[in-house]
Structures are given as structure tokens and as C-alpha cells.
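**Q** Now for the letters of each chain:
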Amino acid sequence: MSAKSSAVRIQPRRTGIPYFLIVPAVVFLLLGLGYPLVWQFITAFQKYGLAQQFGKPPEWVGFANFAELLWKGEFWAVLGRSLVFCVVTAFVTVVVGVGMALLMNAVGRAARLILQISMLLAWAMPVAAATTVFIWLFDRRRGVVNYLLDAIPGVDMNRYDWLGNPATFFLVASVLIIWMSVPFVSFAVYAGLTQISDEVMEAAQIDGANAWQRFTRIVGPMIRPVLSIVLLLQLIWDLRVFAQITLLKDAGSKSGDFDLLGTYIYKLGASANDFGMASAVSIIVLLITLALSWVYVRDLIKEDEGR
Amino acid sequence: MTVKLGRILLTVLAIALAVVWAFPVYWMVNSAFISTAVLQQFTPHFFPGEYFTTSNFTGAVADGSFFGALGMSVSITLLVVAFCLVFAFLGAVAISRFKFRGRKSFVLALLLIQMLPAEGLFIAQYKMMSSVGLLNSVVGVSVIYIAAVIPFTIWMLRGFVAGVPAELEEAAMVDGLSRFQAFMRITFPLLAPGLVASGVYAFLQAWNEFTVAVVLLPAEAAQTLPLWLRGFVQASATRETDWGQVMAASTIVAIPVIVFFLLVQGRMTSGIVGGAVKG
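Chains R and U, in that order, are what the protein sequence lines are.
Sequence positions in the first sequence follow UniProt numbering and run 1 to 307.
Sequence positions in the second sequence follow UniProt numbering and run 1 to 279.
Simulated from the structure, these hints should not be mistaken for laboratory data.
No false leads were mixed into what you were given.
Simulated coverage check for chain R against chain U, where a stretch passes if three residues somewhere in it have a Cβ under 8 Å from a Cβ of chain U:
1. 37-49
2. 107-116
3. 138-145
It should be emphasised that the depicted structure is a prediction, and the values quoted were computed from it without experimental measurement.
Quick reminder that beta carbons are idealized off the backbone N, C-alpha and C, glycines included.
Bound-form chain R, shown alone:
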């Protein structure tokens, strides 16, 4: 007997109680997210610049903000860069995470514990602290990364400026994000792996399945639901990186070539005071996120009802 069906039985009649219970949460959600969401949506269709901030009423411009973005090379560059960054980072995170989970599953208890503790450390680091540490690791002159690479015979990395050019800047950002996100993926996948009983694996082995066949035929299907959710979450999270990029830009360059969607919105809104355009870009980010989340939420609800 599941908790759910008994919850229905205990309910004798319709009451207003549940509504009272959710009111406080709903009030905060409407205030903190609902209202901004609506404002953002409206503003995306208005001309809302510096003059409007000083009291001039905003003017409706329809899709003009979006049309202007279409013609902006800068926007397409930022969008493209963000999508590539997000897909590559999320994909590598999941691959490395699955590898780590398989490794945790394969080694003895002591080695597993050591690996888990070191991953928990990385996972627990606050974004601001982690990014600061990476800036120090990759510091041009005294960073330990350059020092170690330079120590390899034939490699000259002395004073290499990682944050100075876009390609290596995003490489550092990606490594940082992968470092921080892999633990979540591997712990989730590892939890899935421990559900697979040893008997099933042994039986497959006796039937002559080799390691690869066991992986693709048994392990793969078993962890697929976890994998798809984890990959989606990484895509959603990596699309909107802001803290890491902002902090790395502090240490590197202010140039627009180093912007992703999050910092681009911030630049349009907070620095250029063009709230209309900033809102238009926000709406685009929200739509992409929502499209991705929808898949995730659908899966979660299916899981919830399936119990």
C-alpha cells in the first residue's frame, strides 16, 4: 500500500486547508519570480532605455527588440558561443561523470572512499571561491598550472596567459565547471549502478557476455533514466553560467568576445541601461531553458506517478 493511495483515503471531505498551507509559498513565488517574469515579458516588447528610467513612459514596439537582435552580429556570436559552450561542457561532464561512477563501482572500498571524499570537496566549493582558486591556479606568472606544464620537457608554458584569449578562457571556464559538476553526475550514476544486482551480472558472464556487452546490454539500460535527467540538468545549468564567467572576466578581459548569454544580459541591462533589449534576450534564454526543462519535468512527473 503506497503512501499516496492512503493519503487519498484519509481525506474525508473537501476542505480549504491545503489552500491555506500553500498560500505563503505561493505569495513568495509570485512576488519573487512571478511578477519579475511578467515584467520581463512585457518589457521585452517595449522600448525601455535610459530615458524611460528617468520617467518617460515606455513605448510599445512589438517585436522590434527581437528584430534588432536578429541583425546584431554580436547577439548571434554570444548565442552560438553559449550553445557550443553549454553542449560541450555538459557532454564532457556526463561522460567523465559516468567514467568516475564506473570506476567507483569497480575499485575496492578504500580507493572508492578516497575518490568520493575528494569529489565531495570539489562539489561543496562555493562558486565564488572555486572560481577564485582557478584564477590562481591558472595565473600567468605564478600559477601552478603553468609551472607544472613548463616542467614537462619541450613544453614552454612560462607566463602563458590563459584568460587573455577567448579559446583558452573558455577552456578554463569549461574545466572549472566540469570539475564542479562531475561529482553530482557520478554520485547520481553510481547510485543507479548499485541498484544492479551482482547475480544479474554474474549470470550474464556465465552466459558468455563480455565486459562491453554487459555494459551496453545491462548497465546502459539500467542507468539510462538517470543519465537522461542528469544530462538535461547539466545542459540547463551550463546554458546560464554567470558567476564563473563574470569572475573570470574580472581577472581576464572585459571584451565582448568573452561574453556568454548571462553576462551579455547583464551588460545590456546593468551597464547599457537598455532594459528592453536585455529583457528580449532574457526571454530567449527562458524559452530555451523552458523547452529543456519541460522534458525533465515530464520525466519527473511520470516517475512520481509511477511509484
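Put chain U on the given structure of chain R with help from the hints.
**A** Just chain U, lined up with the frame of chain R:
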């Protein structure tokens, strides 16, 4: 024989990866205990050894804005944890113990809202807070944080409430307790681990948050610890970066988080991936 060799190789690989993964955290702590004068030599020191000093910590804390930022972070975090726990508890009871019109849409909204990126909303939140005069205030930021954290805490607590069989309450009701009494005496005490886990989750979110803080707390006098850390790096970047102090500052920001995180990580993994992983 080859099986054994393979296992040894895998163990070596696991330990090597563990070292690589822990290295940035190690490097932060290591650098925090070495004086900047020594860090400025071009050869890194892999252990503080004879250069061991705690002056970076005293130096970072002596920086006038540290205690202000600490106070800011502590008050925001306390507010967020308190409000989220109470409201999320009520919400979780509503969706796991009652059937009501709109329940499904409420649950759906909770899940979708969790996915909303702060970066997609911060312009509007800035505008809203500035129009009611709540920029640079504890209250302004807390309202946004509470809204952002509540959906997940409700979702997390829902699992705990649903995990206590309603039959237990029914039995108590048969024994003459009212429904409310039965809930408070039977179910509530069993929810303690869930409340602790959700509380720590809210703590971590509020303590670490950076994006909304950057936007809603532009004044230097209203920084939280992550912003203080950023300002610290920026301020020292104008001269020669004082990496010793910056790493000490990072360590100060990270330590409480690492401690609390270790307490609840299991709950969080299973919570985040929902029912997909039964950990």
C-alpha cells in the same frame, strides 16, 4: 592474474583522479598558509613547511569590510532558512497529505520554477527592488532567494512527509486524537531529518549565491561574502594580487559550506534527480 593486475591499475587510476580532483581545494588551503612574499617567488611551494603563517587570515579579516559582509551573509541566510523551512513544510504537507483542485498544476509549477535561470530574471528583479527602495537591503535579496529555494525544499520535504505512512496517523485518530494532534505527535517528529536536510540545502543556496547578489546589492556597504571575495580579488588586482590573503578569504567562505554539505549530500543527490535514483 590479469584480473588482479587490472584491479590494481584501476585502483591506481582512482587514486590519481582523487588527487587531481582534490588538488584545487588543497591548493587553496596550502596557499592560504603561505605568506604572499613567498608566493610571489616563481617556484610554487607544495607544502607550507617552514613558510607556514596564519597572517593571511588575520590580514583578510582585518580588511574593514569582512565583518560587514559576514553579518550580511548571516542575516540573509538565517531569514531564508527560517522562512523556507516553515513555508516549505506547509506546502509539502499540502501536496502529500491532501487532494485538492489545482494540486497538479501547483506541483508542475514547482518543478518548472526550479529551472528558471536567475540570469533570465535579474533585470526585472533589479527594477522591481529599485522601485520599492529595496536595493542593497537584506529583505530585497531574501525575498528573491526564498522564492528561488522554496520549490526545491517543498519537493524535498514532500518525499519525507509521504514516507510516513498515513496509517500511523489514522491509528492515532482511532485512539481519539484529532487529525491535527495526530499529525503533530506522530508524523512531525519523524520529519526531523527531512527538515534538517532542507534547512541545510537552503543554507547552502543563500550562503553561496552570487548572481542575484551582484545585481541587487550594488553598494559596497551591502556585500555578502561571495561579493566580498570578488571585491577582495579586484581590489588587490590593481596592485600585485595578494594571493595569500585571497586564498585565505576563499577558505573562510568555503569552510562552513564544505562542513554542512558533507552532512546532507546524499539527500541532495537523490532529491535533485527526483524519483529516478532511489538512493
